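The primary structure of each chain is shown beneath.
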Amino acid sequence: MSTPLLQVEDLRVRFSTDDGIVHAVDGISYTVDTGQTLGIVGESGSGKTVSSLTTLGLTRAKNTTIEGRILFEGRDLVTLSDDELRKIRGNEIAMIFQDPLSSLHPFYKVGAQLSEAVLTHRSVGKSAARARSVELLELVGIPDPQKRVDQFPHEFSGGMRQRVMIAMALANEPKLLIADEPTTALDVTVQAQILGLLEDLQRRLGMAIIVITHDLGVVAEITDHIAVMYAGRIVERAPTEAIFGSPQHPYTWGLLRSIPRLDTPRDEELVPISGRPPSLIQRPSGCHFHPRCPYVREAHKRIDPRLEPVTGDPGHFAACLLETDVRSRIWRALQAGEDPASLRHLVVEDQQPMRAHATHRLASQEEL
Amino acid sequence: MGRYIIRRVLWCFAMLLIVSAAVFFIFYVLPSADPAVLRAGRNAGPQQIAAIRHSLGLDKPIWQQYLIYVRQVFLHFDFGYSYQYNVPVRQLIFSRLPATIWLTVGAVIIWLAIGLSVGILSAVKRRSILDRTSMTTSLAFISAPVFWLGLVALYLFANDIGQFPILPGQGSYASASTVFQKAASMSLPWCVLAAATSAVYARYMRASMIDTLSEDYIRTARAKGVPERTVIRRHAVRSAITPIVTLLGLDIGILLAGNAILTETVFNIPGVGRLLYNAINVSDLTTIQGITLFGAFFIVFFNLIVDIAYAYLDPRVRYS
Amino acid sequence: MRSRSRLLGVSVPVLLAVVSIGLAACGSSSKSSSSGSSSGGSSSSSSGSSSAVAAALAKYPAVVTAPAGAAKGGTLTALSNGDVDYIDPGAAYYQPTYMVDLAVDSPLMGWPPNDTAAPKPLLAAAMPVVTDSGKTITFKIKPNIHYSPPLGGGQGWSKPVVSQDIKYAIERGLMPGVPNGYLGLYFADLEGLSQAQAAVKKTPTKAPDISGITTPDSSTIVFKLSKPSSIGVIDALSLPLSSPVPEGYAAKYDTKTPSSTYGEHQIDVGPYYITNYSPGKQIVLQRNPNYTAGSDFRPAFVDKVIVQEGFSDTNSAVSKILTGSDMINFDFSATGQSLKVAATQYPKQLTLTPAGGNRYIALNTQKPPFNNINVRKAVIAVSNREALRDTRGGPLAGGLATHFTPPGIPGYQQAGGAAGPAGAQYDFIHHPTGDLALAESYMKKAGYSSGKCSGNCTITMVSSNVPPASDTAQVAKAQLSSLGFTVQLHPVEQAVMYTKFCSVVANEPNVCPNVGWIKDFNDGQAMIDIPFNGGSITASPTNNSNWPQLNDPTINNALNQAKYITDPTQRAAEYGKIDDMITATAAAIPWIWDYEANVSSKNVLPVINEFNGLTDLSYTSVK
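Top to bottom, those sequences are chains P, W and V. Going by the numbering used here, the residue at position 231 of the first sequence is 231; the numbering climbs one at a time, nothing skipped. Going by the numbering used here, the residue at position 215 of the second sequence is 215; the numbering climbs one at a time, nothing skipped. Going by the numbering used here, the residue at position 606 of the third sequence is 606; the numbering climbs one at a time, nothing skipped.
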């Protein structure tokens with residue numbers, strides 16, 4: 001197995017605020033291989049964006065504590081100096097953001113912003129940078145790039161702007177592209193185009209992509225692996241087919257069931273996950289998901305689960321105190337259309353053997 | 001763009017007409033001294049006062065006086081004669097403008113240099129000691145009355161009456177002949193006038209910068225790997241400065257209209273502000289009118305400049 | 001005779017500029033009076049009763065003669081708050097303007113700094129010949145007097161001065177474009193004056209002919225009067241009005257409306273001439289190249305005088321003068337804090353001269369409650385006049401007034417001198433710090449049984465809105481309140497105070513606290529006629545200077561007769577008597593006889609002209 005391009009190991013990011021310490025990222029680990037696409041999925045406040053920003057060093061501040069390792073091609077980005085990190089940003093690792101109108105400077109021409117991306121990391125002449133800008137616009141499929149390169153961001157449509165952002169990210173042929181909610185601000189049809197573009201670019205340029213989103217529908221298309229985050233932790237991680245085929249976490253089930261589907265009857269209601277994302281300052285005790293989990297047992301309120309492999313499914317990890325077979329049964333029942341409330345008996349039944357299982361799974365209640 | 005400018009210029013004329021009418025009206029409503037009596041001097045009999053009133057055209061009905069005045073101004077650029085000094089108002093104003101322009105230009109440069117840099121630094125190093133100190137100091141300077149500040153400056157630094165005589169003091173502008181002497185005589189007034197204004201600009205710039213630095217495009221720039229200094233300079237300041245431009249245009253217009261009266265009084269600078277103040281004290285209506293119109297013109301003109309500058313600075317505006 | 005207001009050319013701290021024509025109280029000028037008149041026994045002013053005044057003045061004496069060894073050359077800078085009232089000598093009224101005018105103009109008569117008994121010939125070759133029982137005055141003028149180059153450049157006037165130029169200079173003062181405040185006053189008895197006034201009404205831009213002024217030849221000018229008021233007329237011929245103006249040069253400027261522009265293009269005959277006039281900014285005087293040195297008594301030491309205007313803060317301006325070099329004050333004097341500093345730290349650079357002026361609080365005698373003489377007496381009795389004087393700086397600022405003729409004016413001693421008129425009927429004036437019991441007794445006599453006002457007790461007061469005048473008004477208000485009056489005080493700008501309220505008969509409030517008068521000449525008429533003559537009220541009802549609106553037939557008659565008395569001793573005695581009559585009416589509260597406090601830089605040798613208490617530019621020198 002070749003060395004992964006990006007290896008995040010037990011990353012923790014905490015912010016000291018006036019209201020208390022915010023545990024934005026609480027011990028996550030994942031890897032991305034060259035040419036592969038990872039999707040990070042979760043609600044807002046799950047820590048998905050913070051982990052990526054931290055990769056680029058954009059969360060470094062006086063009130064921020066960063067622990068763990070982020071290995072990029074073997075170098076630990078957490079320990080790199082600001083200057084060295086800056087050389088990687090926009091160069092070997094690039095990032096695009098959610099709202100392309102506000103993410104592009106309104107006062108500068110698109111060409112100038114693209115050229116800036118180039119000139120920051122390459123010592124070439126201005127005209128060479130401009131030529132490259134035109135080339136990049138063409139690459140992302142913007143028609144008439146010679147003319148458009150001298151226009152301002154507000155002269156582009158939403159989808160076009162996102163293409164410009166992608167072009168800007170690709171200026172220096174990055175090895176890793178992080179796309180934070182790349183389609184959230186766009187129409188559905190444009191979404192598909194952008195996703196298609198990303199796929200296409202990945203094939204041609206051989207770069208790895210991390211797609212961060214709250215929308216499972218987006219990641220279904222283009223990702224190889226998916227990591228589901230909740231309350232600063234990864235609660236499930238698996239290849240994409242496994243996530244959709246045999247999800248092993250109640251939160252993932254909730255996400256999947258809340259996706260609107262074309263093949264369900266029109267009057268069937270969407271099934272949201274009850275409750276709200278927890279405060280990252282005062283997190284719930286035990287399993288952080290337990291207040292919203294329909295299948296919670298008493299023990300879950302005290303014991304904090306770790307990300308463990310799922311028996312019988314290599315490469316599939318879940319952080320849940322329920323047994324694998326219990327989970328599989330619940331999922332099958334849910335797929336058959338059953339209501340979560342009616343499935344509690346599946347959980348309760350198996351409580352006894354659970355106890356023995358639970359004792360040697362001592363998760364620390366202490367917050368770091 | 002051209003049509004926009006023409007429209008604004010026409011509006012400028014309309015504004016000036018309104019302003020001149022308002023001044024006329026105010027002058028007649030508020031109790032002010034009677035210029036004919038003032039001009040007539042001591043012990044003038046009623047006939048003499050009446051004769052002077054007639055020669056000044058003050059015995060005509062108000063609306064007629066106003067129309068005559070408007071015609072003179074807009075067709076002949078003639079602002080009449082000062083009741084007090086008996087010289088043409090236009091000549092009087094033009095003789096005072098250079099001093100006010102000296103004062104304004106120098107003060108603007110200083111307050112922009114200080115205010116903007118302090119504002120930017122304070123925003124970038126938010127909540128640091130530098131930030132807190134500069135904001136507190138700026139509050140002090142904004143609160144201090146200009147007149148008091150000027151007198152303190154004189155008593156400290158004026159080379160004739162100050163404790164540490166290093167800079168030219170009161171009245172030195174009038175006796176300055178070379179450009180260098182004029183600039184030297186302006187150094188204390190510039191500092192005093194710029195003190196409060198730079199404090200205001202520092203606070204505005206700081207707020208504007210803090211707003212700008214939280215914008216998404218700043219994050220994008222950093223994500224591109226642009227050095228922080230360049231992010232501040234090229235991305236943040238460029239955006240943060242646009243509201244300041246609006247402020248600056250107004251401030252320059254107002255200063256040229258005579259708003260530096262306090263500074264001019266303390267330092268005995270023969271500028272437009274003092275002229276206006278003296279004119280008000282002796283009810284010299286023609287001078288008051290003239291200065292007010294000039295002032296209105298400056299303010300409107302600089303507003304126009306600012307609007308054009310804004311369109312140049314913010315490309316989104318050009319298409320609205 | 002001049003009120004303390006300066007109508008035009010005035011900016012804010014008007015009261016800082018004490019306009020004065022003064023005479024050193026100690027100086028017995030009778031020594032040099034060739035006309036044989038003594039200046040009203042002022043030689044005794046240093047004795048007994050005015051010792052406080054004399055003592056103060058003796059500490060800061062003014063030099064009134066050119067010092068031995070005064071050097072020629074140098075530039076003098078005079079710091080000024082405001083501008084001159086008119087740069088045109090025909091219209092000038094303002095004392096500080098006279099500082100300039102007496103250096104650049106040559107009226108027929110003039111005042112050497114140490115001689116104030118009567119004017120001396122300046123442009124006149126000798127004292128005039130008075131004939132026809134005081135109704136005809138004949139002057140001969142000096143030959144070969146030439147005009148300076150013109151202000152503002154251009155072609156001047158190369159011909160020498162002729163008597164017709166003086167005639168024209170006086171006649172142009174009748175035009176509305178040259179609003180002279182004296183013609184109708186001092187020259188009222190000139191023959192043909194009323195016809196000339198009628199003529200100028202028809203053609204306001206042409207100077208009319210006054211038939212009473214004739215010029216039999218180019219070096220003679222004759223004034224014919226209908227009444228024997230020659231003393232007043234000769235005095236008045238020391239005003240800049242009679243400095244020659246050639247019609248051939250000036251007429252083209254005099255035709256301009258609304259005002260003549262001759263002032264900005266004037267040609268001068270004095271030892272200096274105006275080379276630059278920027279209104280509100282500065283006036284520059286330089287040596288007149290066409291003036292023959294020695295042609296009159298003015299030595300003219302300095303080469304150049306710059307009047308720099310716009311110094312609005314007296315304290316820093318005085319400080320600048322005291323610590324700097326080549327500077328004097330122009331239209332303000334040291335008051336309050338700056339006066340104290342000068343007196344204690346720079347005593348040799350300060351001079352105190354009686355300004356020949358008074359200040360009083362006028363009570364409107366034409367409407368209640370002050371139409372009752374007992375109420376007025378009560379108000380004067382309760383007034384703490386020392387507190388009033390303190391608002392101007394205390395004893396250094398002037399003598400405590402007890403009547404209306406200040407020291408140095410003939411009639412001062414006759415009216416009672418420093419102590420004031422004696423007698424029980426004047427008891428209300430003899431309590432400088434106020435006497436509440438006496439005041440209450442007068443109120444009771446007026447019908448207020450409690451001794452304080454009751455019933456409708458609201459009175460109006462309009463004052464100036466700048467210190468120290470505003471401070472004086474506040475003190476006066478408090479003093480009136482102690483008698484139960486509710487005072488509605490309205491502070492306004494000086495100019496507004498006069499032209500809209502106090503000088504407008506129909507509009508005058510109950511109390512005008514910031515009024516006063518300054519002499520034009522050392523003569524009782526110049527001091528108490530206009531301000532207390534009932535005739536003033538009807539003569540100019542919108543520009544009235546009789547602020548108490550006193551209209552007592554006995555006093556009116558006495559004033560109207562007194563101006564024709566030619567014997568100086570008799571004149572002084574009569575005016576002193578009238579002053580006491582006025583005091584007896586309690587129409588106003590006299591509280592100070594100002595000193596003019598002049599300051600100069602260390603290297604300046606100032607000479608004060610006793611005539612107006614201001615520095616004489618033709619005599620001052622720099623080391």
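Treat each hint with caution, since some may be false.
Claimed, not checked - Stretch by stretch, here's where chain W covers chain V in the computed footprint (C-beta under 8 Å, at least three residues): (1) 319 to 328; (2) 547 to 553; (3) 584 to 592.
As the list claims (entries may be wrong) - Per the computed footprint, the stretches of chain W lying under chain V, defined by three or more beta-carbons under 8 Å from a beta-carbon of chain V, are: (4) 86 to 98; (5) 102 to 114; (6) 162 to 175; (7) 245 to 251.
By construction, these hints were calculated from the structure, which means they are not laboratory data. Computed from a predicted model, the values in this text were never measured in an experiment. Note that CB positions come from ideal geometry on N, CA and C, so glycine has one too.
The hints, checked one at a time:
1. Counting residues of the stretch 319 to 328 of chain V whose CB lies closer than 8 Å to any CB of chain W gives 4, which reaches the minimum of 3, so the coverage claim holds.
2. Counting residues of the stretch 547 to 553 of chain V whose C-beta lies closer than 8 Å to any C-beta of chain W gives 0; at least three are required, and the coverage claim is violated.
3. Residue count for the stretch 584 to 592 of chain V with a Cβ under 8 Å from a Cβ of chain W: 0. That is fewer than the three needed, and the coverage hint is violated.
4. Coverage of the stretch 86 to 98 of chain W by chain V holds in this model, with 5 residues showing a Cβ closer than 8 Å to a Cβ of that chain against a need of three.
5. As drawn, the stretch 102 to 114 of chain W meets chain V at 0 residues by the rule of a beta-carbon pair under 8 Å; below three, the given contact is violated.
6. With 5 residues carrying a beta carbon less than 8 Å from a beta carbon of chain V, the stretch 162 to 175 of chain W meets the three-residue requirement, and the given coverage holds.
7. Three residues within the 8 Å Cβ limit are the bar, and the stretch 245 to 251 of chain W against chain V gives 0, so the coverage statement is violated.
Figure legend: structure checked against the earlier numbered hints; hints not met, in rising order: 2, 3, 5, 7.
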